[in-house]
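Dock chain B against the given chain A, drawing on the hints supplied.
There are 2 protein chains.
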Amino acid sequence: MAKIRLADISTLPPKKTDKNKIIAATEKLIVQLDELQNLLYAQSKYAILIVIQGMDAAGKDGAIRHVFGKLNPQGVQVTSFKEPTALELSHDFLWRIHQHTPARGMIHIFNRSHYEDVLVTRVHKLINNKLAFKRMDAINDFERLLVEHNHTHILKFYLHISHKEQLKRLDERIKDPQKQWKYNEKDFEESKLWPEYMEVYEDCLNNCNEVPWIITPSDAHWYKEYIIAKNLYELLSGLKMQYPGLKK
Amino acid sequence: MAKIRLADISTLPPKKTDKNKIIAATEKLIVQLDELQNLLYAQSKYAILIVIQGMDAAGKDGAIRHVFGKLNPQGVQVTSFKEPTALELSHDFLWRIHQHTPARGMIHIFNRSHYEDVLVTRVHKLINNKLAFKRMDAINDFERLLVEHNHTHILKFYLHISHKEQLKRLDERIKDPQKQWKYNEKDFEESKLWPEYMEVYEDCLNNCNEVPWIITPSDAHWYKEYIIAKNLYELLSGLKMQYPGLKK
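Those protein sequences? They're chains A and B, same order as listed.
Under the numbering used here, the first sequence is numbered contiguously, ending at residue 910.
Under the numbering used here, the second sequence is numbered contiguously, ending at residue 910.
Note that these hints are calculated values from the structure, not bench results.
A portion of the hints provided could be inaccurate.
Each pair may be met inside one copy or between any two copies, as identical chains are not told apart.
Said to hold, decoys possible - Straight-line alpha carbon distances no greater than 20 Å define the calculated DMTMM-like cross-link-like pairs of lysine to aspartate or glutamate that follow: (1) K792 <-> E810; (2) K796 <-> E896; (3) K787 <-> E810; (4) K665 <-> E858; (5) K744 <-> E847; (6) K677 <-> E896; (7) K796 <-> E872; (8) K665 <-> E872.
Given the structure is predicted, the values throughout are model-derived calculations rather than measurements.
Isolated chain A, as found in the complex (with noise of 0.2 Å):
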């Protein structure tokens, strides 16, 4: 397979999109998430793991709010995984993941997930590469787990922007009274650092193919939104599933 490299693929939705047709796409695909999701909790047979990915600013906080917002929370849960606490990191680093994968029946969201044990800690090399391949063998196997041991099926997003857009959303960051709580002092330092996040995410993209990446074009949010529901509703009504009917 040829090798990914993010710098030749697009951010932008494809050329000509229409993006009001995009947006009512969008919304008829959610009500159709409702119903499936229904489903899914009912029938209890699939779980379904949603790993979300990209750099700060890339809108993940936005596209887990518009996409999953209007399903049940009782079938949906969203973790956010933030920097590993002490007791965290006395395990090893897929502990702290493996707790929160979806039980069958579920939609788990991770808002940032284990990869970035072989990203943000790359960059800053707190681990070498030998460790780091090592990890990604383990993201591998672990994966591997969660898909033929539980039904699990994992979609993964890699919401992919440009350098550009991430500093222009940085910067109404600080402008934009709603969304100053979200700026940390660190980000435009961690920004310089483009480069280097571009190099391990490729790598990730690369070698963490245990289940496939879906690498989604978001500068727009709209069209992310979009891939994002239209992935899930194409893995869900693929699965055939049907109401169980009463217990015997």
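What follows is chain B alone, placed relative to chain A:
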């Protein structure tokens, strides 16, 4: 490597083993283990996982009580895995196990373990052979994760008793008021499945070798306890641990 056949391996201490000397040696080992466990906890560099498997009445509880009962409970944790709950069953079979793996500095003991998912389940035909071997692959991946990604050292003991010894002990459970609480009316039914259990145990011993098994002759409690204490002592003393001194 030659295939392990349990019928070829003695369940008795080697001939001419001096029982009193062995008991005295075990006592001495336990005193040393106490010091080593303190060092392990202070340094918090390594994690120790001890897996104890064996047929009903193989002496798992007694081994834990006698070998680990004098260590500081702050650094030692025992998890007895019973039949999985509905919540546990709605996840992959390693989900509940992973939660109880040791933090660095800790000794965790599994009284039964993830191996039950390829033992009792196989004997009772709850899973087919194909899934059983897939699970054994997943177990190897899982143990490698602990070893490579959290400095975990794993000791796996199979407490090897004869069928005759088992029947004798089950009989005692009926007669001895202090042991009656352990008796389960299904015990003798399960015991009839001895050949089937030996076969699935042999598959574990031969296939789950990411970490090798220690086949522990267990018809004599005093000898079994010595083997466990000795192996743990050799592991811990081999780590060349040091007190970390004042924090910088």
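**Study point:** In rising order, the numbers of the hints this structure does not comply with
**Key:** 2, 6
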